[in-house]
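**Student:** The lines below spell out each chain.
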Amino acid sequence: MSLWFWILVACVLAFLTKLLGYLVPRKWLTNPRIARVAGTLTIGLLASLTVANTVAAGQALSLDSRVGALVAAAIALWLRAPFLVVVIAGAAAAAGLRMLGLP
Amino acid sequence: MSIAVATGLYGVSFGALSVASGLTVLQTSALSLLLFSGGSQFAFIGVIAGGGSPVAAAGAAALLGIRNAVYGMQLNALIHPRGWRRFAAAQVTIDESLATSTGQTEPIEQKRGFWVAGLGIFLLWNAFTLLGALAGDSIGDPKQWGLDGAAVAAFLGLLWPRLRSREAGAVAAVCALATVLAVPLVPPGLPILVAAIVAGAIGWFGSRNGPEGEGLEPDVDPYRDAPAAPGAAGMAGVS
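Quick mapping for you: the protein sequence lines, in order, are chains A and B. In terms of our numbering, the first sequence has 72 at position 72, counting the first letter as 1, and numbering is strictly consecutive. In terms of our numbering, the second sequence has 2 at position 2, counting the first letter as 1, and numbering is strictly consecutive.
None of these hints come from the bench; they were simulated from the model. Please read these numbers as outputs of a predicted model, since none were measured by experiment. Please note that the accuracy of each hint is not assured.
[Unchecked claim] Simulated restraints, written as ranges between beta carbons of each label pair:
| hint | chain 1 | residue 1 | chain 2 | residue 2 | range |
| --- | --- | --- | --- | --- | --- |
| 1 | A | 101 | B | 116 | 46 to 52 Å |
| 2 | B | 34 | A | 59 | 27 to 33 Å |
| 3 | B | 123 | A | 101 | 43 to 49 Å |
Beta carbons: idealized from backbone N, C-alpha and C, even for Gly.
So that you can see chain A by itself, here it is in the shape it has in the complex:
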């Protein structure tokens, strides 16, 4: 039930954040510093999520098949592949390396 609760909290926060943009005076959000923070937060969180999902195993660091997935995804993105191809490349690399015996 706790998971449900926090799912709904996240949904409410997301909607209020969006709505905020329509309600607050324009000058608040045109502040270049706020715009910068919104930008660096987006980039920093996505970078962190990428890395955490690659090397974190609970509280330990682990180099396993997921590193192969990261490399495969980077190559696919480099080749300008569409999103689903990138995701499938990551899955195929991880599944393939695991089949070869990697953890």
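Could you slot chain B onto chain A? The hints should help.
**Tutor:** Structure of chain B alone, referenced to chain A:
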């Protein structure tokens, strides 16, 4: 059309990964219906998949959604929704609807672009996340299919189109390093919030001497530097 296909495929990935991370089909659909911001939804399930607490997941999702407030302000100036439409407009304020709207020059076209993209993607995104969730529910062990690798690829795919400048790359690198250093020290899920603090500090205290448009501001057309590439829309995704 290409946006529609890209959204569909992106939605299927989210649905399957969400179920693999441990959410139910219903919880997955609730995120798509109510939260409706791809990046935040991926952040939520990414934290859960890594063993993080639901609180940390909600925190990461909320922080990643902050840029939507900046989008909302821009769209408010463009399309001036009134009454209940303001609430509807807020819900469909995402990367794609902003990009479609700001890509037009005539005010009437800006309005039309926003509503068509926002509502169209809302319908497609929900239909396809449900499809992905049902498919993900029936395939068994997610690791055997490399779905943890798919999650890694999805996050890199969301990050990639935003790395348009050297400074953006530097922020990403510093936050990646902060995450690696934090993993052994704090409970799962929190390294992502540590990185958020680092990213926020860089944005708040960082140099503002550089020229405008360093590629950090969220209020730029996500497709700007990806002309004519049919897949580019998909990479930006419903984030």
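**Student:** Now look at each hint and say whether the structure bears it out.
**Tutor:** Against the structure, the hints come out as follows:
Distance hint check for residue 101 of chain A and residue 116 of chain B: the Cβ-Cβ separation is about 50 Å, which falls inside the suggested range of 46 to 52 Å. At about 31 Å, the beta-carbon gap between residue 34 of chain B and residue 59 of chain A stays in the expected band of 27 to 33 Å. Checked against the hint of 43 to 49 Å, the pair residue 123 of chain B and residue 101 of chain A passes, with Cβ atoms roughly 44 Å apart.
In this structure, none of the earlier numbered hints is contradicted; all agree with it.
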